[in-house]
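Engineer: Sequence:
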Amino acid sequence: MVKGNIIVPEEILSFCCNGLQSSTSPPRAREPGEREEAPGAMASPSPARNPTEVQMSQLVLPCHTNHRGELSTGQLLKWIDTAACLSAERHAGCPCVTASMDDIYFEHTISQPSVSPAGQWDGRSGVGVGQVVNIKAKVNRAFNSSMEVGIQVSYEDLCSGKHWSICKAYATFVAQGPLGSKVRLKPLTPQTEEEKIEYSIAAERRRMRLVHKDTLKDLLTRSPQETELETRDGSGAVPAEKTRVESVELVLPPHANHQGNTFGGQIMAWMENVATIAASRLCHAHPTLRAIEMFHFRGPSQVGDRLVLKAIVNNAFKNSMEVGVSAEAYGQEMSVSRRHINSAFMTFVVLDQEGHPRTLPMVAPEPGDGERRYREASARKKIRLDRKYVVSCKQTEVPLSVPWDQSNKVYLSYNNVSALKLLVAKANWALAREKEKVRMYTLEEDKFLSFRIEMSVCITASRAFSLLSNLRRRHEWDSHYVSAELVQKVDDDDMIYHVVSQKLRHENKPQDFVILASRRKPCSKWDPYVVAFRSVTLPTHPARAEFTRGETLCSGFCIWPESEEMSKVAYYNQAMPGYLNYVTTNVAGLSSDICSTFEACEKFLLKNKEDLISRLQDF
Numbered sequence: 001m002v003k004g005n006i007i008v009p010e011e012i013l014s015f016c017c018n019g020l021q022s023s024t025s026p027p028r029a030r031e032p033g034e035r036e037e038a039p040g041a042m043a044s045p046s047p048a049r050n051p052t053e054v055q056m057s058q059l060v061l062p063c064h065t066n067h068r069g070e071l072s073t074g075q076l077l078k079w080i081d082t083a084a085c086l087s088a089e090r091h092a093g094c095p096c097v098t099a100s101m102d103d104i105y106f107e108h109t110i111s112q113p114s115v116s117p118a119g120q121w122d123g124r125s126g127v128g129v130g131q132v133v134n135i136k137a138k139v140n141r142a143f144n145s146s147m148e149v150g151i152q153v154s155y156e157d158l159c160s161g162k163h164w165s166i167c168k169a170y171a172t173f174v175a176q177g178p179l180g181s182k183v184r185l186k187p188l189t190p191q192t193e194e195e196k197i198e199y200s201i202a203a204e205r206r207r208m209r210l211v212h213k214d215t216l217k218d219l220l221t222r223s224p225q226e227t228e229l230e231t232r233d234g235s236g237a238v239p240a241e242k243t244r245v246e247s248v249e250l251v252l253p254p255h256a257n258h259q260g261n262t263f264g265g266q267i268m269a270w271m272e273n274v275a276t277i278a279a280s281r282l283c284h285a286h287p288t289l290r291a292i293e294m295f296h297f298r299g300p301s302q303v304g305d306r307l308v309l310k311a312i313v314n315n316a317f318k319n320s321m322e323v324g325v326s327a328e329a330y331g332q333e334m335s336v337s338r339r340h341i342n343s344a345f346m347t348f349v350v351l352d353q354e355g356h357p358r359t360l361p362m363v364a365p366e367p368g369d370g371e372r373r374y375r376e377a378s379a380r381k382k383i384r385l386d387r388k389y390v391v392s393c394k395q396t397e398v399p400l401s402v403p404w405d406q407s408n409k410v411y412l413s414y415n416n417v418s419a420l421k422l423l424v425a426k427a428n429w430a431l432a433r434e435k436e437k438v439r440m441y442t443l444e445e446d447k448f449l450s451f452r453i454e455m456s457v458c459i460t461a462s463r464a465f466s467l468l469s470n471l472r473r474r475h476e477w478d479s480h481y482v483s484a485e486l487v488q489k490v491d492d493d494d495m496i497y498h499v500v501s502q503k504l505r506h507e508n509k510p511q512d513f514v515i516l517a518s519r520r521k522p523c524s525k526w527d528p529y530v531v532a533f534r535s536v537t538l539p540t541h542p543a544r545a546e547f548t549r550g551e552t553l554c555s556g557f558c559i560w561p562e563s564e565e566m567s568k569v570a571y572y573n574q575a576m577p578g579y580l581n582y583v584t585t586n587v588a589g590l591s592s593d594i595c596s597t598f599e600a601c602e603k604f605l606l607k608n609k610e611d612l613i614s615r616l617q618d619f
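Residue numbers (the UniProt record's numbering): 1 to 619.
It should be emphasised that the hints constitute simulated quantities derived from the structure, not laboratory data.
Hints may contain errors.
[Stated by the list, open to error] Derived lysine-lysine pairs resembling DSBU-like cross-links, with alpha carbons at most 30 Å apart:
no. : residue 1 : residue 2
1   : Lys603    : Lys426
2   : Lys217    : Lys382
3   : Lys503    : Lys196
4   : Lys568    : Lys509
[Stated by the list, open to error] Have a look at the derived ranges for each label pair, beta carbon to beta carbon:
no. : residue 1 : residue 2 : range
5   : His286    : Asp491    : 22 to 32 Å
6   : Gln302    : Lys489    : 44 to 54 Å
7   : Lys242    : Thr359    : 43 to 53 Å
8   : Leu220    : Lys242    : 44 to 54 Å
9   : Val308    : Pro542    : 25 to 35 Å
10  : His356    : Leu216    : 24 to 34 Å
Beta carbons: idealized from backbone N, C-alpha and C, even for Gly.
Start from the sequences and build out the full structure, keeping to the hints where you can.
Structural biologist: This is how it looks when you write it as structure tokens:
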């Protein structure tokens, strides 16, 4: 498989793997081919392992590979599901079932190793017979009856000692009691700073999962009904009907878990099999699975069930195609009622000899449902691109002001909040200044100088959260703000403002910003109240000649309750180049403007802590 982008920032994904390294299995390489273990090297002592952590190592045998010598993706999915389930059951203490799986992007093919002309092993060729697949899984967060499990998959060549990443994923499991009843889970207590931030960000990922369907429906509602096929030459297009596949599988004891239910990984493997056949019928070649879209299991199946698996190519783009797959179960041969178990969407490419994606033929959808699936595939591709553009990139690689629209609002909000939480979790914050109750810290990184300023205030955390999340009142305490107009109320937690600040010293005109403000109440005692800010672009508010357009990449407030009437209020900012001189002047003690502004913030909070309007906004 070709290298793909993960749907969350690299730093976020790394948190699900912290603490997973041990002396019994080698650590993950940062980049393919960068690290090589020295034979006989003694491992350093490992930190205390998370009690939910599960490690699985599988030797790839001929029975695990396909006709090309590649490890079957279906087999890999079975291993992933098994390891994740064992981790979930360690925390739950009872049987668990797979509820959903987030997008999986495969970074490497899983094939026979090859040797370069210089005689060196080329890890880019992937995993073959005799190599080892290592899977590490641990529970990131437990909710009421469900939990998120983070999974990292890598492989190693036993001869060279090299290690390569295959994929990373997040799965949701549900604990089940007698007769399938739900079990209320005990809270998961994160220990390290990394685990605490992963615990917190898990709530944001859950939020994205819950609105995923609504995002697709909203995009389809606002999109034109005309499809791409109707506006281009359809001659030579392959009828989608020719790619249709239907297959039946009998669920036997080896396909089931210890509860008698069919393994989710086994169902995924069967679905991948029919999807590959459908993709092959379009391109008349052997396709490569590049990604699996987020999917949900709708219900269980048991030993003795017959599973009917159906697949069809929904849409073919220039270099990739989407295949839709469904699984239905029934109990007896003569049964007419079928239970919908799962639906999934898989993206395939066809690689040439150089490893580059080939151009694919067009698909002519069937009338009715076929045209609906065709349009939905285009919408899903647009959403995937939004996720890649907004969520996948590292903060240093993302354009500052990302265009905002209805289809990417969920991912922009996720990126906004998670970026601030990542900044909060950074180590090596250094105390730079202390003025009475105000403390200023700095964090020096390669491309950014970030600062944090904090103080304890005699106000409830919920009241401070309500006051500080309303940018229209910020001018009451921040002298840099002239005005803040609410441009759009996205929902109860996300607002877009047009902010005007004071004139810059080197320019004779004020600065303006278009800012997305995302607010989050805590889900548990580990979570602070969060108000995150980042720049976005709106067509209704382009840059204008009378202003200098400013941008902010990551800033905002975190508020922790210290007692019933005391809160710690902290403001974070990843300083942009135009703001750098102002920050360094304050850090060096040549100005006290930042400290004075924060002191004014305290006075504002104390003055308005009994404000009736603020009280009403808390509900």
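Engineer: Verify the CB-CB distance for Val308 and Pro542 against the hinted window 25 to 35 Å.
Structural biologist: Once the Cβ atoms are compared, 53 Å apart, the range 25 to 35 Å for Pro542 and Val308 is violated.
Engineer: In this structure, is the beta-carbon distance linking His356 and Leu216 contained in 24 to 34 Å?
Structural biologist: Cβ of His356 to Cβ of Leu216: about 30 Å, so the range 24 to 34 Å holds.
Engineer: When you take the CB atoms of Leu220 and Lys242, is the distance between them in 44 to 54 Å?
Structural biologist: 26 Å Cβ-Cβ, so the 44 to 54 Å window is violated.
Engineer: Can you let me know if the beta-carbon spacing of Gln302 and Lys489 is within 44 to 54 Å?
Structural biologist: holds, 47 Å
Engineer: Within a Cα-Cα threshold of 30 Å, do Lys503 and Lys196 meet the stated pairing?
Structural biologist: Answer violated: Lys503 to Lys196 is near 40 Å, above 30 Å.
Engineer: Run the distance test for Lys217 versus Lys382: straight-line Cα separation, threshold 30 Å.
Structural biologist: holds, 13 Å
Engineer: Could you grab the alpha-carbon distance between Lys603 and Lys426 and see if it respects the 30 Å cut-off?
Structural biologist: OK: Lys603 and Lys426 at ~29 Å, within 30 Å.
Engineer: Does the beta carbon distance between Lys242 and Thr359 stay inside 43 to 53 Å, or does it fall outside?
Structural biologist: violated, 19 Å
Engineer: Is the distance from the Cβ of His286 to the Cβ of Asp491 consistent with 22 to 32 Å?
Structural biologist: violated, 45 Å
Engineer: Does the structure keep Lys568 and Lys509 at a Cα separation of 30 Å or less?
Structural biologist: violated, 36 Å
When the structure is compared with the earlier hints, violations turn up for hints 3, 4, 5, 7, 8, 9 and for no others.
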